[in-house]
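Asker: Sequence:
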Amino acid sequence: MDALSGTERLIALSEIQELKARRDHSLDLKEWDTYVSLHAPDHVSSHGAQDGGDMGSAADVVRQLAVTLDGVITAHHSHTPVIEFETPEKAKCVWAMEDNLYWKQGEEDHWLRGFGFYHETCEKRDGVWLFTSRSLRRTHVMMSPGAKLGAERAALNKQNA
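Be aware that the sequence shown starts at 64, since it is given in this note's numbering, and climbs by one per residue.
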């Protein structure tokens, strides 16, 4: 393996951190085209049952997120990364995360606050870093009493409309 020089490593770390920031921003702003563009076509995402379970490709993830997060205000924060390079073009990343979600369920305000870690891989393809896999491992979740997310929330809102 060709090792990254000190400067090359710093540049790669900065590029990967920017990739993660752009992912969080596009998720919170619901800019789905940008979100997909940050992921390799063969990207695979898997989350816990509470967060959608096995979600598949980035396009599959966006289809699910667009439904789950419709009408939901989100704030995702990823920080204190541990980034290890397997090769100059492949990295494994672990990011501490916090997310806050706010929505109406009928006439009631609801929320979710979660903590955990994203375990991700990324590769530099055609000169650009892209996510190739993601797994969310939550360590703690707090939700307002009676809160429902995703299809269950959508069905409740339809009943109350």
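Keep in mind that the hints were calculated from the coordinates and are not lab data. The beta carbon of each residue, even a glycine, is placed where N, CA and C say it ideally should be. Misleading hints may appear alongside valid ones.
[Stated by the list, open to error] Estimated spans, in silico, between C-beta atoms of each pair:
| hint | residue 1 | residue 2 | range |
| --- | --- | --- | --- |
| 1 | T70 | D91 | 30 to 36 Å |
| 2 | D189 | A138 | 21 to 27 Å |
| 3 | H140 | S77 | 17 to 23 Å |
Asker: Does the hinted range 30 to 36 Å hold for T70 and D91 at CB?
Answerer: holds, 32 Å
Asker: Check the following: the C-beta atoms of H140 and S77 are separated by a distance inside 17 to 23 Å.
Answerer: 18 Å Cβ-Cβ, so the 17 to 23 Å window holds.
Asker: Do the Cβ positions of D189 and A138 conform to the proposed distance bound of 21 to 27 Å?
Answerer: Violated - the Cβ-Cβ distance for D189 and A138, about 32 Å, lies outside 21 to 27 Å.
Hint compliance for this structure: hint 2 alone is broken.
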